[in-house]
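Enquirer: Spelled out, the chains give:
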Amino acid sequence: AQSVAQPEDQVNVAEGNPLTVKCTYSVSGNPYLFWYVQYPNRGLQFLLKYITGDNLVKGSYGFEAEFNKSQTSFHLKKPSALVSDSALYFCAVRDMKGNTPLVFGKGTRLSVIA
Amino acid sequence: DSGVTQTPKHLITATGQRVTLRCSPRSGDLSVYWYQQSLDQGLQFLIQYYNGEERAKGNILERFSAQQFPDLHSELNLSSLELGDSALYFCASSTSVGQVYNEQFFGPGTRLTVL
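For the protein sequence lines, the chains are A and B, in the order given.
The numbering used here applies: residue 78 is where the first sequence begins, and numbers increase by one.
The numbering used here applies: residue 53 is where the second sequence begins, and numbers increase by one.
Chain A with its partners taken away, still in its complex shape (with noise of 0.2 Å):
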């Protein structure tokens, strides 16, 4: 079974700070990696996804995500953190055998303070 863990409820940085929002997962076969965003009272948006290739994956608004397949890692970072960047991230996974649901972690919330 598919599943995505997130470790940090919550993540604090300072404006202008690297940030870092970590991701692991666990697939029986190899994985199609997304985030997503949430802003507060809208739908989840889309950052970016890996699914095969350079591990580096680069998103919008300067979001980049790097895969580490040993690790089964899937951690999404940006150089420079905004105020605006305050929002619910969620990693997800999917299997790339078969047509297997979108499994989403639970959600951590980055808080960029000015």
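Calculated directly from the structure, the hints in this document are not laboratory data.
For every residue, glycine included, the Cβ atom is placed at its ideal position computed from N, Cα and C.
The reader is advised that the hints may include incorrect statements.
The calculated lysine-lysine pairs, modelled on BS3-like cross-linking and capped at a C-alpha distance of 25 Å, are [stated by the list, open to error]:
hint, chain 1, residue 1, chain 2, residue 2
1, A, 174, B, 109
2, B, 61, A, 183
3, A, 183, A, 135
Just some of the chain A residues that point at chain B, by a computed CB distance under 10 Å [claimed, not checked]:
hint, residue
4, 113
5, 120
6, 122
7, 169
8, 180
9, 183
Following the hints, complete the assembly by docking chain B onto the known chain A.
Expert: Frame of chain A; chain B shown alone:
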């Protein structure tokens, strides 16, 4: 704006009642997904439809049902409502069912409150 629309935005009803949530996918998207988001359970996949046919089922209760119509809009029906059904219900769409790496586009959600 993702292009996915959901109505109504808010719904307040009583226990034992039945409600219908509506979703219109992005233009051209054939797959529709329904999710439930609650504080204790996080984001849970309920059910997926592709071009009118059910394709995958998740943690959907027997009291809940869904369908996708020929114009590709979808409805989620929740019956015999309980207090614990209070949650945000999201619809998402994607281009196809075969390409499982395609990202899903989420609607703004329907907030259901059962009193």
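Enquirer: Against each hint, give a clear statement of whether it holds in the structure.
Expert: Hint check:
no.	hint	verdict
1	A:174 <-> B:109	16 Å, holds
2	B:61 <-> A:183	23 Å, holds
3	A:183 <-> A:135	23 Å, holds
4	113	8 Å, holds
5	120	4 Å, holds
6	122	7 Å, holds
7	169	8 Å, holds
8	180	7 Å, holds
9	183	4 Å, holds
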